[in-house]
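Chains A and B, in that order, are what the protein sequence lines are.
Numbering follows the UniProt record's numbering, in which position 193 of the first sequence is assigned residue number 193; successive positions increment by one, without gaps.
Numbering follows the UniProt record's numbering, in which position 44 of the second sequence is assigned residue number 44; successive positions increment by one, without gaps.
Bear in mind the hints are in silico, worked out from the structure with no lab data behind them.
It should be emphasised that the depicted structure is a prediction, and the values quoted were computed from it without experimental measurement.
Incorrect hints may appear among the rest.
Stated by the list, open to error - A partial selection of chain A residues facing chain B, derived with a Cβ cut-off under 7 Å:
#1 Arg-31
#2 Phe-34
#3 Tyr-35
#4 Pro-49
#5 Leu-123
#6 Trp-148
#7 Leu-204
#8 Pro-208
#9 Ser-272
#10 Tyr-276
#11 Gly-288
For each residue, glycine too, the CB sits at the ideal point set by N, CA and C.
Below are the chains, spelled out letter by letter.
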Amino acid sequence: MSTALTPAPAPAPAAGPPAAGRAGRRADLARLGFYLPATLYLLVFFGYPIVTSVVMSFQDYTVNSFYTGDAPWNGLANYAEVFRDELFGATLWHTAVFTAASLAFQFAIGLALAVFFRRHFPLGGVLRALLLLPWLLPLIVSGTVFRWLLDQDYGVVNNVLTGLNLISEPVPWLVSTDTALIAVIITNIWIGIPFNMVILYGGLQSIPDTLYEAAALDGAGPWQRFRHITWPLLRPVTAVVLMLGLIYTVKAFDVVIVLTQGGPADSTQLLSTWSYELSFTDLHFGQGAAVGNVLIAIAMLFAVVYLRSTRRAEAEQDAR
Amino acid sequence: MATTTPTTTGGADRARPATAGRPRGARPRARSRRRWGTTALAVAIVAVLLFPLYWMVNASLQPSAALLSIPPRWFPEDPTLDGYRAAVDTQGRHLLISLFVACGNVVLTLAVAAPLAWALARFRLRVGPVLLFALLIVQMVPGIVMANSLFALFNTVGLLNNTIGLMLAHSTLSVPFAAILLRAFMQDLPREITEAAAIDGAGQWRTFRSVVLPMSRNAVITAGLFAFLFSWADFLFAITMTTRDAITPVTVGIYRFIGANTTDWNAVMASAVLASIPAAVLLVLAQRYIAAGITGGAVKD
């Protein structure tokens, strides 16, 4: 800096290079310019909505409230109403099954693919990149395509399954209460495989080749190498993938809306879609917010576990 | 050894001296054959996993009536572009809206996230850890909660049925992601260079614009790509905040299209193909950035 080189008591640990007087203040202002807009942004676009959601859940918020700004407080009535609804237990159960099944298969298939693509072979990189497509596509597109694939009469899935004699008559995938949730889960698994594969592949890249070479010299077979090298060394990445998957899947919305709209007979209703229905179809915004807040609570629970596990992984890495 | 190319032609008589460091045993030709065998297997895997996308393209090129034939036609035997014509007619406007909103979101996201990322990476702020924690946490707030509350907010300030409103809503998806991604990258920029800029008399902003941003080009591209894709693919905000056809993005356009045309599948599929184009283009043009972005945005360093 050209001016003000007089040493000044730097205002404690926050300051960078020592600066003083007017120039120092100007520098502080410039620094403020870097993060103040973003901080305000976070307050308006995240702070406000989250607070609104909590406040709304204690109000009788209707369509009229939007015009009059008037929403009478009703204490815990929204929560009581929601918890008493038999759909609450059902949506909670669907959300749990949807999340657990999606995660298990996405992870298993993603891991298998990551291990497979770790081998060096011609076109490996190109083919691996192609597998990213399902993840990059708008969910509305994937959902629409699966709606067509799973069509009871004209869908290719039923056609192939009957052709292979695996089923005797077409399965009403999306219109039967027995199969709709399964169909939605299958679609969601397909969508989530690339995310798991990419992150696990990245994790595998950081395992040194020499370990495998040494193990091979010691006569370890592929399964032993996987069990004793890949799996243990991949554990921190595994934790991250599963936790993020959990957080993302718990709040899944688009897939269900496109495929089944929560139906038939609410058999694919998740907490997220139910919250949407309460707010935007039934226009009980207070109840919609209440269900949304239950969803926040669940997501945050997992988020805390996730942040703690990454912190532990970091600490382990630092210790090494 | 003189030649370095282990050709597959010529004598399979004796094991050639393998290139250094390779595991012993496999002969070049056998190894090469096995490698191509792996490729064949990989192609098969990719074909199975991407079959739904092939099916989308296949359906988009067939006449509507042919789609209702049993068994289904595995190839578009007499291809037609009718589906695409119908798709452009009905979805053309929605595609443009999506493009406009997505581009706006990219600009907005980078404008908010990049300076914040630099501040988090280099200034030792007292609020730094709090901000970083907030960025991580807010990514986990369910979209439906955001939609519910932003609907109320936008209703008050008149941003419903408004492309600016959509950009702002979409930026809530991409700002935290971009800030974390950019911060991770900017942290690793060599200190010497920015310090040299400061010594040369550049102020904070000048250093940021002329040194930090150009050096972070790859990360900025990645963050921008993701901001574009998040916005392009958004459905929840689009469906909650738009009721008028004139400002409906393509995701909602397709959704309403299916609702109205359950028989016109070739036009529906053609719309789906058109809506997939940005993702496909970005995958081809920026493949390495995308893989890096997924990893970088998810696994915090």
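Hint compliance check: list the failing hint numbers for this structure, sorted ascending. 7 and 8
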